[in-house]
Amino acid sequence: MRSHGAASLAVKLGYKNVYRFAQGLPAWKEMGLPFESGQASYGASGRQKGISAVVGTGFILTLLGVFLGGIALNLTPCVYPLIPITASYFGGRSETGERQGYLLLHGLLYILGLSVMNSAIGVSAALTGKLMGSLLQHPAVLISVSTVLLLMALNFFGLWELRLPSFMSSAVSKSHTGYTQSLFMGLTIGIVAAPCIGPFIIGLLTLVAQKGDPLYGFLIFFTLSIGLGLPLFILSIFAGNLSKLPRSGEWLIWIRTLFGWIMLAMAVYFVKPLIPGHDTGTFILALIALAAGVHLGFISKTGKNFRTFIMIKRTVGILAIVLCLSLAGSVLLRGAGVSWQPYSQEVFTEAISAKKPIIIDFYADWCTPCRELDKKTFHDKDVVKEADKFSMIKVDVTKEAKPDVLQLLKKYDVKGVPTVIFLDSEGNEIKELQIVDYVPGKEFLPRMKKALGE
Amino acid sequence: MKRIVHMGFILFLFLIHATQARSETQNPANAWDKVVAEAKKGGYQLVTPEELQREYLKDLEAFLFVDVRQEWSYQMQHIKGSLHIGFAPIWWNQYSPMMRSDMKKLLGPEKDKKFVFY
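If you're matching them up, the sequences are chains C and V in order. Residue 424 in the working numbering is what sits at position 435 of the first sequence, and the numbering runs on without skipping anything. Residue 102 in the working numbering is what sits at position 61 of the second sequence, and the numbering runs on without skipping anything.
So that you can see chain C by itself, here it is in the shape it has in the complex (with noise of 0.2 Å):
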């Protein structure tokens, strides 16, 4: 809760007579005090202006726990499984014969890469005062980053090989095209390990685009990409230096191939949201894991001298089984959902026009009840059914809400979420069906008979 969090705050910054009121508004509400609406009177909650958050020793603190995160953030699911590819690939530089001084050069240019592309994200997300999430959730941005991961996929699959396009190749003199490839791996891996390291950058972001300061946007992302490329940096010099990691062979095919099947799921997970049908994506996100694991653990002729390798390959093929079948399982044990429309004003035009009685829920991420309402009630049977008969709309306040939503707000007096409103088909809300927490299918279902005069 928020409240816990800031009264805790204050209790130790030594104010002493600090109390919760945990039941809030609507307890005060109850009590008959009074209480008003307006703008914000204080400007914290707003932007700060000036480069003052960057100064102080507490500054230095936070920026060491960001590249300490950085660090830590290796060893999540998406960078990790990059270690071993990005290190043979600087291994491999050593072995061709370049000498030291270059190849410490390539790690830098990598983990330059690296660090522009963080930085720009968090400037940008600092100067906009927006999150990614939301830049990330736009159809054109989200087609393509897929559309880019596709082709890395194929690249991985051997159908084409990674060059520059001839009118970069010949502006770079040959020599340097490895370093440009050093430095392109460093900007594109960033994109890669988004979807793992997401819950952390969203979190930085927040920070960032409260503060408002691009100069705090980009010391906290620049940091975070140093600690988030050192391991692998080192990893990398030492590597060229000892040969100590195994030498590039037929197993690094069967790698790359492995690597193609997670680019593919990854593009995949990235346009699930505009997949027409409410668990199609998943469904085919099944299917990559089933495909990946026949084809990795039992199809793949690569490394059959090595018994050791063979079992590797079988493990790996048989886990991705698993995995399709927990994927699969996961939707078929729950069902099909309601299919929403994301809020927007044509949409909401649009549904008064067609003269279906709506639905709009009020939702955000970080609230329980919301999530709730989306695993059971929004998953029953009957619900989901009966939904066809309206035009069901989610509002998403997760993020600060848009001029057009806070209208939207007002309008149906949302003070909270979660809370569902049921308009009939002219577009009037009939206000007793309004819900505001959690409520189970079978309470629900009577609301909608209601709203459809039923």
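These are calculated hints, taken from the structure and not from any lab test. The beta carbon of each residue, even a glycine, is placed where N, CA and C say it ideally should be. Careful: at least some of the hints might be erroneous.
Stated by the list, open to error - Listing some non-contacts, in silico: residues in chain C with all C-beta distances to chain V over 12 Å:
{"#": "1", "residue": "Gly21"}
{"#": "2", "residue": "Val260"}
{"#": "3", "residue": "Leu276"}
{"#": "4", "residue": "Pro331"}
{"#": "5", "residue": "Gln334"}
{"#": "6", "residue": "Lys345"}
{"#": "7", "residue": "Val386"}
{"#": "8", "residue": "Val406"}
{"#": "9", "residue": "Glu421"}
{"#": "10", "residue": "Lys439"}
To be verified - The list that follows gives simulated cross-link-like pairs (lysine-lysine, DSS-like), each with its CA atoms no further than 25 Å apart:
{"#": "11", "chain 1": "C", "residue 1": "Lys439", "chain 2": "C", "residue 2": "Lys383"}
{"#": "12", "chain 1": "C", "residue 1": "Lys404", "chain 2": "V", "residue 2": "Lys145"}
{"#": "13", "chain 1": "V", "residue 1": "Lys75", "chain 2": "C", "residue 2": "Lys404"}
{"#": "14", "chain 1": "C", "residue 1": "Lys400", "chain 2": "V", "residue 2": "Lys121"}
Add chain V to chain C, keeping to what the hints say.
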């Protein structure tokens, strides 16, 4: 062998993620116990609506109310005279120097004043 362990670990994380969404349950009966436990941990006191009403009607300025909900909630409606500070439910907000200085600025230098967070 090492690689098996690593791959296994990775897929294990995936599986945890896949099943996590379904294992989450909440017992409303324990909700208040949780609030009490949190208060003990946080070192602050809890205040009931009745106490607030009594004190507030005695002295309108008895407390300074601090609204820590999202800004749009505050804009919609808030306790009369309350201040707002954006406090996202992220654990490091407790340690963020920016958050600390914002909070200090908002609450002011008087350490004995009564603050009510909601």
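We went through each hint and held it up to the structure:
Under the 12 Å C-beta cut-off, the non-interface status given to C/Gly21 relative to chain V is violated; the minimum distance is some 8 Å. Every beta carbon of chain V lies more than 12 Å from that of C/Val260, the smallest distance being close to 19 Å; the non-interface claim holds. Distance to chain V confirms C/Leu276 as a non-interface residue, since its nearest Cβ pair spans about 15 Å, more than 12 Å. For C/Pro331, the shortest C-beta to C-beta distance to chain V comes to about 17 Å, beyond the 12 Å cut-off, and the non-interface label holds.
Chain V leaves C/Gln334 outside its interface by the beta-carbon criterion, the shortest separation being 17 Å against a cut-off of 12 Å. Every Cβ of chain V is farther than 12 Å from the Cβ of C/Lys345; the closest lies at roughly 28 Å, confirming the non-interface assignment. Look at C/Val386: its CB is around 7 Å from the nearest CB on chain V, not clear of 12 Å, so calling it non-interface is violated. The non-interface label for C/Val406 is inconsistent with chain V: the shortest C-beta to C-beta separation is roughly 9 Å, within 12 Å.
For C/Glu421, the condition that its CB be more than 12 Å from all CB atoms of chain V holds, with the nearest at approximately 21 Å. Consistency note on C/Lys439: stated as away from chain V, and its beta-carbon is indeed over 12 Å from all of that chain's, at 26 Å minimum. Taking the CA atoms of C/Lys439 and C/Lys383, the gap is about 20 Å. The hint holds against a cut of 25 Å. Straight-line distance between C-alpha atoms of C/Lys404 and V/Lys145 comes to about 28 Å, which puts the hinted pair past the 25 Å bound.
A threshold of 25 Å between alpha carbons decides the hint, and for V/Lys75 with C/Lys404 the separation of about 24 Å falls inside it, so the pair holds. The hinted pair formed by C/Lys400 and V/Lys121 meets the criterion: a straight-line CA distance of about 21 Å does not exceed 25 Å.
Going down the numbered hints, you'll see the structure goes against 1, 7, 8 and 12, while the others check out.
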